[in-house]
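Engineer: Each chain, letter by letter, is given below.
2 protein chains.
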Amino acid sequence: MKKQLQKFVMALLLTSGVCSAQSQTSVVEDFKPSSVNQPGKEYPMVNSEGRVRTQISAPGANKVQLDIGAVKYDLVKDEKGVWTGESAPQDVGFHYYQLNIDGASVPDPGSLYFFGAGRWGSGIEIPSDDQDFFALKDVPHGELREVPYFSKTSNSVRRAYIYTPPGYDKNNSKRYPVLYLQHGMGENETGWGNQGHTNLIMDNLIAEGKAVPFIIVMENSGVNFERPRNPRPENTANADSTRRRPGGPGGFDFAGEFKKILLNDLIPYVEANYRVAGDMKNRAMAGLSMGGMQTRLITLANPDVFSQIGMFSGGSISMDDIKNTPDFKKNVKLLFISYGSRELENPRGGGFGGDPKVNTQSLKEAGMNTHFYVSPGTAHEWHSWRRSLYQFAQLVFKN
Amino acid sequence: MKKQLQKFVMALLLTSGVCSAQSQTSVVEDFKPSSVNQPGKEYPMVNSEGRVRTQISAPGANKVQLDIGAVKYDLVKDEKGVWTGESAPQDVGFHYYQLNIDGASVPDPGSLYFFGAGRWGSGIEIPSDDQDFFALKDVPHGELREVPYFSKTSNSVRRAYIYTPPGYDKNNSKRYPVLYLQHGMGENETGWGNQGHTNLIMDNLIAEGKAVPFIIVMENSGVNFERPRNPRPENTANADSTRRRPGGPGGFDFAGEFKKILLNDLIPYVEANYRVAGDMKNRAMAGLSMGGMQTRLITLANPDVFSQIGMFSGGSISMDDIKNTPDFKKNVKLLFISYGSRELENPRGGGFGGDPKVNTQSLKEAGMNTHFYVSPGTAHEWHSWRRSLYQFAQLVFKN
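If you read the protein sequences in the order shown, they are chains A and B.
For the first sequence, the working numbering begins at 1 and goes up steadily by one.
For the second sequence, the working numbering begins at 1001 and goes up steadily by one.
Bear in mind the hints are in silico, worked out from the structure with no lab data behind them.
Heads up, the beta-carbon is just placed ideally off N, CA and C, and yes, glycines get one too.
Check the hints yourself; a few may be wrong.
Which bits of chain A does chain B cover? Going by a derived footprint, with three or more residues having C-beta under 8 Å, they are [to be verified]:
| no. | stretch |
| --- | --- |
| 1 | 28-40 |
| 2 | 60-68 |
| 3 | 115-125 |
| 4 | 145-158 |
| 5 | 315-325 |
Work the whole structure out from these sequences, hints included.
Structural biologist: Put into structure tokens, the structure is as follows:
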């Protein structure tokens, strides 16, 4: 009896061993270095299934894991102390991830770093069929400018990123429309440029004649969430004010201090220093997730400031919302609402302020120029928002 | 006898234990978060002695070390699995560093990341008495622009960072001098902006009237050493060409492909797209370390292109070097050579092409406008180069 049990357990172990080996061999072995690796780094890699494989030398470690999509995958150590392993298939597009080495959560030294989830950390790109729309091509390029400016509201020098379209400095008489474009919670003013490829999306659209050239202003709507990339020394007057972070890491500022910074400091700075048209007709606001919710609150409360509105995975606007603001219906010439398809599959998806498709349709029936876009096969992640910007940019400032 | 030996060894151990404890207690407990920490991160910290203390939770780890200045310092684990420890005092200024967790070299998740030593990794700032010259202040600010441009030499879209001084977009008739400013080996086009604070140094100097406003162009003189921050997908035409990295990580390109890129592609692009004066009198080249050596080779070989030259910790120019190039002596209106004082203490320091002070003095005696600057108390590191730029910028384009 005891021997039979032993035999059974042994068979079970062997079987599970075989299963494990099978799941290993079922991985398609066409891994290539990720397009967002550090220079010269082979790992992390991505295969045609969207699996992420990473590798790190840690001869003294007991346990190393790849932490992506809220799942931790064990890596396996070879005789040289090099750990390797891969994740389940991931959605196309951009994902944040990290390594876990004996309990320490650290960036993967193989990847480039991006600001999200409240920290600079690793990111990976799962190739998609449509990634050509943000590819770097030999077309006329705009510039992404790092712009320090003084904000009275925060009493500090803050940092905006400003995209100026190709030819901006060549034609000194032309004035441009301007879009204020906001990131999500736990992200900052670098997100739309780095993860979002805003400048490349716009350069390509403008080259194809699919979008009118406009300026894009990206600021930190988590307010003092992060200090600028250019750090300040401890002893400067600005260090204290920029260390105040009302939101804290992951800070969530709906329409308080950021609204004041935007309306009282940022828009006046941009209009005084850039060749923008400077009227409501030529002023747009859009954002993703928290940035979409901020767009919703700020544009509803200021229907004489913005005429073009985009909300990406950040709620929608209903007939109820605008019943007491007749100016909103009159002034707003574009309302664009979008979600990733996987968000809508989730019963909680798109729930901010009611069903986004129904809401958008009802405003359309009431005579407004509304658009509802669903990004196929993506969730609450950057590929949904890149595609949303790509769609939105083709509609904005054309009414 | 055996017992006596045991006693002696025990005493030795106790003594060394006491010594170790003393060296612990001799650490000055005035640590403050580093000025280049990620938002909300308490560690790493720096004290008034210039020691770096870091901390990381790694409950399962066997050994965690802080790796800075080519020395590894053991961290100590507490009962919760949190490791803490500090380095010996470091020189003032900026240093690259990393953590080592059970043999894995990884970035510290507490710090911001900088490109140096061939990788994006951790950096720390040891406060200096003179750091006010690169502090972020409420003065008029220039812009740091990320500029994609097409290079025929590399047959790819490359990335430059271009600093435009305050007011550049306001005065459409003014034309500016331009400085081509190069990084060191294992660094890239982001170094002068991030670690070097080029834009803040210039904004402050211009606000005080100590420098004439000029444009600064920063490109990757390791050639295709790094792909741009904005990554390209695998399937684009540019991906292949930008993956070619003749230098490889740590790539060293003296005067080959980079010289062609600079002279044939970058300078023409800048002169066609920016309001630069566009003559030799208003064209400068400077660089640090490898960038200084590139400056030396390129300016000596092209005495009709640059009239203002800066070499920071990157060699010097002797009478011998210019004996066959009479145009060099005639055309060059400023030659600025600098080193960190700790480099000159080293017998190998400043050795590229002879004693830099002697060389500079002999050119001065021959009638050239030369300057020799020594940064006090710093080595072959960024604080030497920030100070060098600060000095150079007050001299350049004034002859």
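Engineer: All hints are to be evaluated individually against the structure, with a verdict given for each.
Structural biologist: Checked hints:
no., hint, result
1, 28-40, "holds (count 6)"
2, 60-68, "holds (count 5)"
3, 115-125, "holds (count 5)"
4, 145-158, "holds (count 7)"
5, 315-325, "violated (count 0)"
Checked against the numbered hints listed earlier, the structure breaks hint 5 alone; every other hint is satisfied.
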